[in-house]
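Chemist: Just so you know, the protein sequences line up as chains U and G, in that order. Per our numbering, the very first residue in the first sequence carries number 1; after that it's consecutive. Per our numbering, the very first residue in the second sequence carries number 1001; after that it's consecutive.
Distance windows between CB atoms, simulated:
(1) G:D1270 to U:K283: 48 to 54 Å
(2) U:L235 to G:K1125: 56 to 62 Å
(3) G:A1390 to U:V5: 42 to 48 Å
(4) G:D1270 to U:I161: 44 to 50 Å
(5) U:L90 to G:G1073: 52 to 58 Å
(6) G:A1138 to U:R89: 42 to 48 Å
(7) G:A1222 to U:L158: 47 to 53 Å
(8) G:S1355 to U:F127: 50 to 56 Å
(9) G:S1141 to U:V5: 45 to 51 Å
Hints are computed from structural coordinates only; laboratory data are not their basis. Since the structure is predicted, the reported quantities are computational estimates derived from the model, not experimental observations. Don't be surprised by glycine CBs; every beta carbon is placed ideally from N, CA and C.
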Amino acid sequence: MINLVVAGLVSGSIYALMAVGLIVVYRASRVMNFAHGTFVGFAAFLALSLHTSSHLPLWAAGGIAIVATVALALLTEGVFVYPLRHASRLELLAVTAGVSLVLSGGMLQLFGTQDRLFPRFAPGTAFRLANSAIPLQNVTTILATLAVLGIIAALFYLTRIGVAMRAASENAQLSMLVGISPKAVSLTSWGVAGAMAAAAAILVAPDVPLTADTFSNLMIQSFAALVLGGFTSLLGAVVGGYLLGVGLNLFSFFVKSDIPSTFILCVVLGVLMIRPEGLFGRKESLRL
Amino acid sequence: MTTRMRLSWFTRVTVVALGALLSVAALGRDGAAEDVKIGASGPRTGPNSGAWVAYQATRACILDANDKGGVNGYKFNHILLDDQYDPQVTLGATRRLVDQENVLALVGHSGTAGTLAIKDYILSKGVPDVGLHSGSAAVNSAVTYPISPSSASQGAFQAKYLIDKGFTGGGLGVLYENDDVGKAVLSAVESIAKQNNVKLTLVPFQLGSRDKTAQVATLKEAGVTAVIISGIPSEFPTSILAAVNVDYHPTWFAVAYAAEPRVMSQLPADQIKNMYFSWYTAFPGDPGTQDLLSAMKKHYPDVTPPTPTWSEGWASCTVFLEAFKRATQGGKPPTRQAIISALNTFKDYSNSYISGITYTADSHLLTLRQLVGQWDPTSNTLKRVTPFTAPPTLGP
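Chain U with its partners taken away, still in its complex shape (with noise of 0.2 Å):
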């Protein structure tokens, strides 16, 4: 039981690092970002090939992977979505899809097919807990994903530019009054984003098999903890993972083990039926 919470964690990590990374997107620029799984892969593939064919050391390898994937969330902030940005959510959705896709392809001719694990960064077993081994990686992954949600929330709530973003995301036309580039909050959403997305790529890769598309599909999970804990809050997109990813695995053990898909759709759909805006979402109304 206790092995299978903490194995729900690892799993609720992943959703709510790559679920926070999509709403910090959504807030400064109203996209849903389709790439956004896609960029997780990129930093996950850079860096496995800079360890294993270039030998660098895995934090080096790791670091390289964060910038590397800061600045691709940089150019398809300023080349595809900045530029389109007065044109409609489902057009700036299919832009963002489309950048997937051409990255993905690229990943594909660069990388092979051929099933690839990453490293485990900390094997062994942490500690006992109830007759339970809790394995140290596991530990490391939540542990790990906590800071970095920590330095996140930090940048929103302490920081000017995270201010910034915020007050962009409530009222935008506001905001520029004040003096708040637009353009910056939306550059240093993005940036942001693309740093979450190799920081779950690091954590979490050695969980998955990796091909081009690994972490696209991990998107599902990831849209799913932002419908449970709300579009509008950072807070809710954190609970909404964690709360997934348990449930997932206590569904799975005491109920029914191979219908996973299932479960996620009744829980998008049970919290659109009763509470749309998420467990932590505001209503957002509509002046007339």
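Starting from the known structure of chain U, arrange chain G on it as the hints suggest.
Modeler: Below, chain G alone, put in the same frame as chain U:
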């Protein structure tokens, strides 16, 4: 405003163009004009993209045959399409191969779900599916010619080995994908377990489940000491990592295509020592497999290191080439029906890569001899534990 509109237009065109280019590249024709068109669709992308290497090996073999002058005066144009391991895409890609490209045969096609999706269509068109990688009885038809042993014989072989070696003291478990791929072994394993009075625990999972901790915890709680994993290769590492999550160390058994070196090298050593793999073709490097190694080096230098899946893809090609040779003997023109008739003459056909292929007009399911291998972490390759042996006979 004008500048913004221009930029928007440029950006949109760029995205669409790049997307279109990518689609063409992903679904791209991978061949040059030759005399006879053959082809297949496969998972270049998607959840089973690790199997693409078998297609590359098939293609390397076809190109090698062309380099050596072809067969009976014919050379081959080999067309590969990406079906993303999605049965509906497989059907669309196969229609394109048959209706637009007019291929003589599908060669080296892989996957039970995709084959089931195209089964009726290719039967109606009389297109032979040669060297198919699926052991499911459900794919059997007058035009499907697998080279994989039947899933029933694979499951029986694996279960019998685990029982004979005394690994099933606490019971035997099957962790299986809840579709035609994973379920295909169940009846055979149940039969062997029943014959040997061994407790059996069956635990399903959904294709692409990243975290199988709940499923593996169920096996652990049931006291199972030996587990057969039945599913596509990428389900194997996630099963092992789930066992790490719950501190579970059973004896594992899977088909050797799961033993991908880049994956195996990262799995915990205390789990690897308890793993066994079954297989049915030669290993790359075995006597008589030099053609495979040199052709892969020539055409796919980046695809390394060699794995048994290479031999599987190459074996598909050798079966097609032999059928083509028989069909066009004496200057006869190559037709789909001639290929089918030639395949039905295969009686215990063997070469350096595969042995004992017999197709009859009634059934194309194979009961091939299989071996057991274990992973050697030092050389990062699969090593034989047993010679090729026949699988056990199943009761009625």
